[in-house]
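Since chain S is already given, all that's left is putting chain W on it; use the hints.
Chains as they are written, first to last, in our numbering: chain S, 113 to 406; chain W, 113 to 406.
Calculated from the structure, these hints are not laboratory results. Treat each hint with caution, since some may be false.
Selected chain W positions facing chain S (Cβ under 10 Å, derived; list incomplete) [stated by the list, open to error]: (1) Ser190; (2) Thr221; (3) Ala375; (4) Gly377.
These stretches of chain W come out as covered by chain S in the derived footprint (C-beta under 8 Å, 3 or more residues) [stated by the list, open to error]: (5) 236-250; (6) 351-365.
Sample of chain S residues with no beta-carbon within 12 Å of chain W, all distances over it, derived [said to hold, decoys possible]: (7) Glu142; (8) Gly231; (9) Pro276.
Just so you know, even glycine gets a beta-carbon here, dropped at the ideal spot from N, CA and C.
Okay, here's what each chain looks like letter by letter:
Number of protein chains: 2
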Amino acid sequence: MTMTPVEQVSGRDAAPDSEFDRGSAVVEREGAPGVYDAELDPGWRIGGGINGGLLLALAARALSRHLGDGTGHVDPVSISGYYLSASRPGPAEVHAETVRGGRTLSTGTARLVQRDEDGSPVERLRVLASYGDLAAAEGEVRTSAAPPLMPPPDQCISTEHAPPQFLAQADLLHRLDLRLDPASVGWALGEPSGEGRIQGWLRLADGRLPDPLMLLLAVDALPPVTFDLGLFGWTPTIELTAHVRARPVPGWLRVVHSTRNLAGGYLEEDAEVWDESGRLVAQSRQLAAVPRPS
Amino acid sequence: MTMTPVEQVSGRDAAPDSEFDRGSAVVEREGAPGVYDAELDPGWRIGGGINGGLLLALAARALSRHLGDGTGHVDPVSISGYYLSASRPGPAEVHAETVRGGRTLSTGTARLVQRDEDGSPVERLRVLASYGDLAAAEGEVRTSAAPPLMPPPDQCISTEHAPPQFLAQADLLHRLDLRLDPASVGWALGEPSGEGRIQGWLRLADGRLPDPLMLLLAVDALPPVTFDLGLFGWTPTIELTAHVRARPVPGWLRVVHSTRNLAGGYLEEDAEVWDESGRLVAQSRQLAAVPRPS
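Bound-form chain S, shown alone (with noise of 0.2 Å):
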């Protein structure tokens, strides 16, 4: 089947042959409409549990067809997502709803469950989210946002040169082409900068390209920016909230991840993805837990 370019761009109906499309399928639940059937795949393991980015894909994936069939609102223009408990590799169901229909949004909330040993449902992941069509996207674009400043790809540091105890912890990483900025990898040589902000270049590994819901992917892809601060560990994602800017065309994106307030416990984490036209295509901030001291 030829693809037309709405269809590859929406990522509704992608290329089966990729990683992030298997990993973030879900199929509609015969007889229960609004209920999607997924499984989470031990391959986007990061530390504790599956990567934040691929579950809200996932989750968006079911809201673009609950809210997208009929009106054509595919993309997630706005999507924020509460972190409720660590999820696992297996099977996960998502339950969306309608919020409200408008006739250039529309906002749903969604779901994200698993099943504890007795079959009682564990939620993992709360979504809510208003989408429309990109692709629609009129008007000036105004901007003082200026892409980061970095090497090309070929001159920054693979993450397949990561140290192998940081891999064998973050099966995602194999599905990724990250390129760090040599200047954000002081770090895995014990001299964090102290700045806070890691950037570089993704794409995905099978040479997917990138669309909406793969943005939501790249928001949350790079190491934790307290690596950065020389603080390391796990730091679980309390809410994250992303907004898709523009339809990324085709080739690497830049992703910047910074924070600047690091207090009482919590960090924020500001991602900015910018596709290779030199557009801000998401912004994202997601507020975390410190790790702590080990």
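Using the frame of chain S, we list chain W on its own:
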């Protein structure tokens, strides 16, 4: 009644003579757990509806009651509001639900609803939030964020000097003591800076002290940053997420609103709020619709 500091800062039993506390008051409906009645006061109008920050504070107050009883999780650590339709003065209801209770955080959701002429419910705002106890927050503060530089309040421009045409659309300004940095008000003289930044000093006109709930008003109280881009008109909020990072000390707040990317009909509007001790007490980002040319 003499209030204890905890009651005072949590805003749960705040002074009844405060306009903010009256405007964001909620009364639990007898026999209907989780349902709170409220009255939207025309004094908090801005442009075509009730100020979005006041609505968020009102829903947040209901969730503080709903999630905080028995847990002490009274403070909105992270709160996301999706604005669905314009609120109007009159009766409103908040329907609050617990999503998940945890040791340090409780997560809940709330719907702010008004009735149309037929008595049918129309949802205005959907909220998803995680609450904790900021008084219990410990741990180091490592911040690279610095408060904005601006002249002292008595050398800033009080919004009571705003054009009468503007004040007529902004009832809420009478309830704020807002002093804008002279460098931020070129737009009022026909000379917007084009930088997309407005900053100033803020306190409540009636002397009510800042607390976490009041910070939710503070993040949406300044004029839209689009004014500083020379774009006037209504910029409806699609989504606003605020992180309350600490309980503010009594005194003035410094608030910075800024945007970097206006594109495809939307812009992000970031707010940072600093208390008088120089601590970053709240960060927020909203996605808003760009005003249409008039």
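Quick rundown of the hints versus the structure:
1. Ser190: Holds. Min distance 4 Å.
2. Thr221: holds (7 Å)
3. Ala375: holds (4 Å)
4. Gly377: holds (4 Å)
5. 236-250: holds (count 7)
6. 351-365: It holds: at least three residues are needed, and the region 351-365 of chain W offers 5 whose Cβ sits within less than 8 Å of chain S.
7. Glu142: holds (28 Å)
8. Gly231: Gly231/S is indeed farther than 12 Å from all Cβ atoms of chain W, at 18 Å.
9. Pro276: holds (29 Å)
Of the hints listed earlier, there is not a single one the structure fails to meet.
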